[in-house]
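Assemble the complex: chain A is given as a structure, and chain B must be docked to it using the hints.
For the record, the sequence lines run as chains A and B. Position 129 of the first sequence, counting from 1, maps to 129 under this note's numbering, and the rest follow consecutively. Position 280 of the second sequence, counting from 1, maps to 280 under this note's numbering, and the rest follow consecutively.
One should not assume that every hint holds.
Below, a list of computed lysine-lysine pairs in the DSSO-like style, where the Cα atoms sit at most 27 Å apart [unchecked claim]:
id : chain 1 : residue 1 : chain 2 : residue 2
1  : A       : 106       : B       : 408
2  : B       : 175       : B       : 140
3  : B       : 55        : A       : 108
4  : A       : 25        : A       : 5
5  : B       : 230       : B       : 175
6  : A       : 212       : A       : 129
Quick caveat, the hints were computed from the structure, so don't treat them as lab data.
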Amino acid sequence: MLTIKNLEACIEDKAILKGIHLNIKPGEVHAIMGPNGSGKSTLANILAGREEYQITAGSMHYQNVDLAPLTPDERAHLGLFLSFQYPVEIPGVSNLYLLKSALNAKRKHMGLEEIDAIDFLTVVREKMKLLHMDDSYLYRDVNSGFSGGEKKRNEILQLLLLEPSLCILDETDSGLDIDALRIVAEGINLMRNEKRSILLITHYQRLLDYIKPDVVHILSDGKIVAEGDYQLATVLEAEGYEPFLQKKAGD
Amino acid sequence: MSHDMIDRSLFEACAALPGWNKQLRLEAWQNWQSMATPTIRDEAWKYTNIARLEKMVFTEATSTPSTLTLNDIPLTIPENRFCFINGVFNTALSADLTTDTYLLSKSAWPHIPNEYQTPHSYFERLNAAMLNDGLYLNIKSSTHSPMYLVLLQDKTNGFSQHHLRHRIKVHAGIKSEIVIVDWGLADTTNLTTYIIDIELDEGAELNCIHLKKATTKGYHIRQTHSHLAKNSHFNHFNFDFGAKLSRNEISAHLNGEHAACQLNGLALARAQDHIDNQTQIGHLAPKTNSVEHYRGIIDNQACHVFHGHVLIDTNAPDSIANQQNKNMLLTSTGQAYAEPQLEIYNQNVQCIHGATVGDIDEEALFYLRSRGLSDEIARQLLIFGFARSILETLADKNLQNELAQWIKTHLAIDSELILEPYRENDHEDIK
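Excised from the complex, chain A in its bound form (with noise of 0.2 Å):
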């Protein structure tokens, strides 16, 4: 489903990505770990299509297409969602302008008709619902004025209202206290169907205890180091990093 080969990436000249092998199979939870620096939101935002990165070397291949020509909005129609480490706040345009068009682009690309205001609210109120949101929500400027743990949940309820097939999600879990934690979890875990693939990008463990992926990958300097079962994150938490990153000096 989701193939990347050998990919390599800099930024301004500078290597990030240093030859990324990794294989995500249509319902499998893949998670990748690793300490700041490492490259794991690039690797998010290239797979989204952010532009500021160059692509030097390898490919990276969803549902047998290459993702490397299309744009951003070309990448969502495929199935590929973002959900961001920092949200971005955009005043003037409302919550509510900005899934309801998200939602119709998808309708649009399906070959599908507009959703009607009605059976908008409908959907996306049911949605709210699950992640303890209320109206006033879809009211606010997108993200503008959240707090750190408003925005991770307004992340879910986009993914929620636009159920990709390839749910990336960097570092959802930071900034949200233990209860929105499970909040956001529990709607993550809803979206989990054998058709589905979710990549999880996270510092920490504590995610992965209400997420449990499949496969565990140790991201660092742009390579991958490790990768095992959900054990592996239990080995890092308990061990950190540093064996590792030795590992990989010993490679």
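Okay, now just chain B, sitting in the frame of chain A:
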């Protein structure tokens, strides 16, 4: 020094009109003639060059009878209105004049107090010398619906000129709203000077909404001067859709304790438009309050100038002033000049200001696109969202919607979505 842009014979014709104070006109004419044209070396005209005006020759405005109607402008103009076409009052399109609503040409001139009769600046003098007409509005009772003052500019032979001056007095405790519409319908070169003097008595409240859409050959100089007594409130909204040269000078003198003003503006400059907004707020009494928020959206080779002067006098302790100016440049060839200027002579005050000039936020653009919106729609949402911050400060929902539609048309925004309900109270019908 003399200015040849207006022939003396035209002035003589004005001065001969009955009902006007000929002496005042003559003094204004002579003072204007002897005055040097402002240049970019003058602080107040640093970014706006009017040298090319001097090379033009303007004639009368009324050389062709106008057949314009209010259907020619894309706004709903209610019946409570007074209309001028090419500077001349149009009885057929206007409501009846009353004892409290005079035309200056019908001898209301003495009602302009002496201090206003000594014009100082270049365009004030020109306006006083060549004045076509104007209204004296003596507002003694509160109104629920706004009064519209409309100036239409129709086709003329040659380069035309129009000069208007209104005086608005709102009596103590009275609340009123005025919408001033300046609409250019014919793309012929014209010069308009337009001065509005506003006086608010104790506890009076006035919302003044100014919509200006001149043409690509229009030179439009407007001054709005307000004087606020104790506890009075003045809210001014300045929506400028561009002109060859549009200059808006807006001043608020907070003369009485607890007087408050809000000066908001949105400049939508495109093609070769030049919009110059100059605001001046004087905190001259204790506990006065001013809020100012100006934004500019600049496309193509257009230019927006914002100069915001705030003075807090020694006599104005416990005053609060907040000024914001933001500019969004849509091209690399557009220009924006943001100049906040604060003069504070009392330390016991709160003063906040901020000015920015930037492109469309790339982060926000990427965010919207990652949600499946095309580059075009995402840009349109961001541009409109930027304008909305000013639009939403208008209390009048209907006017807000009409203006939203106009902004969309003006910015060539075709997204259907943008005018859908987007605030909680817009949705009551489908809840």
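To see whether the hints hold, each was checked on the structure:
At most 27 Å may separate the alpha-carbon atoms for a hinted pair to count; residue 106 (chain A) and residue 408 (chain B) meet this at roughly 24 Å. Proximity of residue 175 (chain B) to residue 140 (chain B) is assessed by CA-CA distance (about 9 Å); at most 27 Å being required, the pair is judged to hold. Straight-line distance between C-alpha atoms of residue 55 (chain B) and residue 108 (chain A) comes to about 56 Å, which puts the hinted pair past the 27 Å bound. With a C-alpha separation of about 14 Å, the suggested pair residue 25 (chain A) and residue 5 (chain A) falls inside the 27 Å cut-off, and the hint holds.
As the CA atoms of residue 230 (chain B) and residue 175 (chain B) are separated by approximately 14 Å, the hinted pair is consistent with the 27 Å bound. For the proposed pair residue 212 (chain A) and residue 129 (chain A), the alpha carbon gap of about 24 Å is at most 27 Å, so the pair holds.
In this structure, the one hint that does not hold is number 3.
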